[in-house]
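**Q** Chain A is fixed; fit chain B onto it per the hints.
2 protein chains.
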Amino acid sequence: MLHEISKDEILKELQKLKAKKVLIQSPEGLRREAYELAAFLEENGINAIIHGEVNYGACDPADKEAKLLGCDALIHLGHSYMKLHLEVPTIFVPAFAKVDVIEALRKNIEEIRKLGRRIILVTTAQHIHQLERAKKFLEENGFQVVIGKGDSRVSWPGQVLGCNYSAAKVEGDGVLFLGSGIFHPLGLALSTKKKVLAVNPYSGDFMWMDELKERFIRKRWAQIAKAIDAKRFGVIVSIKKGQLRLREAERIVKLLRKYGREARLIIMNDVSYMKLEGFPFDAYVVVACPRVPIDDYENWRKPVLTPREIELLLGLKEEYEFDEIPGGRREKDEPLGISLHKAG
Amino acid sequence: MLHEISKDEILKELQKLKAKKVLIQSPEGLRREAYELAAFLEENGINAIIHGEVNYGACDPADKEAKLLGCDALIHLGHSYMKLHLEVPTIFVPAFAKVDVIEALRKNIEEIRKLGRRIILVTTAQHIHQLERAKKFLEENGFQVVIGKGDSRVSWPGQVLGCNYSAAKVEGDGVLFLGSGIFHPLGLALSTKKKVLAVNPYSGDFMWMDELKERFIRKRWAQIAKAIDAKRFGVIVSIKKGQLRLREAERIVKLLRKYGREARLIIMNDVSYMKLEGFPFDAYVVVACPRVPIDDYENWRKPVLTPREIELLLGLKEEYEFDEIPGGRREKDEPLGISLHKAG
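Protein chains in written order, with UniProt numbering: chain A, 1 to 344; chain B, 1 to 344.
No lab work stands behind these hints, which were simulated from the structure alone.
Built from N, CA and C at the ideal position, the CB exists for glycine as well.
Some hints here could point you the wrong way.
[Said to hold, decoys possible] One side of the interface only, derived from the structure: several residues of chain A facing chain B at Cβ under 10 Å:
no., residue
1, SER26
2, LEU30
3, ILE50
4, GLU53
5, GLU65
6, ALA66
7, LEU246
8, MET268
9, ASP270
10, MET274
11, LEU276
12, GLY278
Okay, chain A solo, but in the shape it has when bound (with noise of 0.2 Å):
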């Protein structure tokens, strides 16, 4: 499903960098593509050592344990540059999906023209690639599209993560999502306030997000209402360098003080509530990713919420709003393939 690793083109860069010893990070699904980039590198006269930990995104670079061990360099598989201060060379490298996008353009190109005239056009990186592919095959049906340039969380424009929509917030009619899975296009329709239509490559299904939407609402609302009358809240932040959100953490506290109610500042590397067990807490608040409150609340055995609906539970907002990690303005977009970011 995935790209091959361009195992040429990183060794070629560590040779520019003149790097003795590497470190290899990878997601859930890159497992074996690592262990073989090891092997080619190592065959081509570098030390690589694996990291073991998965890594869900390019807001955990392993920097700081490359560093530790004396590497020259961090190679981040499998997820985009995000704009972090790193303390060694990183060489980021995608990967992108071989599924061609425009079949199943296509095949929805009817429901498509239920968003309007003009489309906000995005996806996740794994699609990145076709996204101009895509823009062209729908101007050629009638469409304006508009792709919104983001910001320093993501490498392109029309980018989306889980927890940044930034590059769908401009003008259009609706939003046209490329890819697969729930929460990145509930993401944006939450975000966005539009209506979004889901377009899966893959299967070339597609999924209207209203209802879904509307769904997603109640149930966070009975989470919500499970910590009404919690008294004290555990206010859980991450070490993860992109999720280390800490000023966000604290104003909750705060804010949950102010209104009476206790507040602790806790803080993890991979948020789960398993490590949790034993702490007297009523009830947590995730201000560090936004998928563990949201894709994995039915493994908390307290209420878990995000910083947001923590100001629906004090009756301080009444619309529901999506929790989003902002980054700063994007200076450059990533080249569509392997990226070097020095230190610092």
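**A** Here is chain B on its own, set in the frame of chain A:
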């Protein structure tokens, strides 16, 4: 079962440090105490953050996290000091068990006589505050009692850790272990090669280790046998400060390669098999906490060995050896209470 955490003493130390913000780290059994300590410190004007990861020993102080969060100190609950480079001042707060050890000794005095006249007395941090009383009681009963100093990984003479039996390596007829669980007395039996009797102060029961040791060795040989034809070995080190045995891991990688196996260094934080699913390794070596391959091997779908067991697998040694992590020379003993260690 455990002593109360001496909150006032901790507060005094923090006031001496003029600490405004601290991080509190705790093992699974002291979560409520961590929570209550945080509330107490907050009432006294100190901003307290809770570390949500489960802590398994002084080998893994969260000093880096404390520094990152701008904390003036780390409070490490439940374990005694281990000599490591610390990045912030750290208060170690050992948790001493309230149970009286003398009763269990009295009950088992005839069994203890079978060890010989000159006995090596050891225990874990939980009962260390009663070691002198135990020694006196045994001397009154006609024994000669030897208490070894131990190295810099432990805090007090006579203290053993799952990974360190240096305090037992003295002259004597046999080893008397005061404490619960099977891991420590097993380690003692394998490490000292002497007769070991474990006396449990909670239950009053005794346990001779000879047979258990033989059974353990047979089980470990079965693990070794499963890996005997393995081609690809993952050699795991942990980023945890007191478990980062990089040189030992590199030695094992070289050794495996010298004997025609593929070997690759893997770095993890908490070592567990689940995260490694997907890598095409045939077997693993854990060069981190020795308890992982020994206590947790049933959760691994691939054979998992200690570095010593690799030498047995390669036929370089014949006699089973327990995996220990040695320390350096210990300058002085710790107090039998909280102790502050400066950064550096």
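**Q** Would the hint on A:ALA66 stand, with a C-beta cut-off of 10 Å toward chain B?
**A** holds, 9 Å
**Q** Holds or violated: is there a CB of chain B closer than 10 Å to the CB of A:MET268?
**A** holds, 4 Å
**Q** For the restraint on A:ASP270, tell me whether the closest CB of chain B is nearer than 10 Å.
**A** With Cβ-Cβ at 8 Å, under 10 Å, it holds.
**Q** Take the shortest C-beta to C-beta distance between A:MET274 and chain B; is it under 10 Å?
**A** It holds, given that the least Cβ distance between A:MET274 and chain B is near 9 Å, below 10 Å.
**Q** Please check whether A:GLY278 passes as an interface residue: C-beta within 10 Å of a C-beta belonging to chain B.
**A** holds, 3 Å
**Q** Should the interface hint for A:GLU65 be scored as holding, given a Cβ-Cβ cut-off of 10 Å against chain B?
**A** holds, 6 Å
**Q** Are A:ILE50 and chain B close enough, Cβ to Cβ, to be under 10 Å, as the hint says?
**A** holds, 5 Å
**Q** Using Cβ atoms only, decide whether A:SER26 comes closer than 10 Å to chain B, and label the hint accordingly.
**A** holds, 9 Å
**Q** Double-check A:GLU53 for me: the hint is only fine if its C-beta lies closer than 10 Å to a C-beta in chain B.
**A** holds, 6 Å
**Q** Can the hint on A:LEU30 be confirmed by a CB-to-CB distance to chain B that is less than 10 Å?
**A** holds, 8 Å
**Q** Is the hint on A:LEU246 kept, meaning its closest Cβ partner in chain B is under 10 Å away?
**A** holds, 7 Å
**Q** Please check whether A:LEU276 passes as an interface residue: C-beta within 10 Å of a C-beta belonging to chain B.
**A** holds, 6 Å
Hint violations for this structure: none, all hints satisfied.
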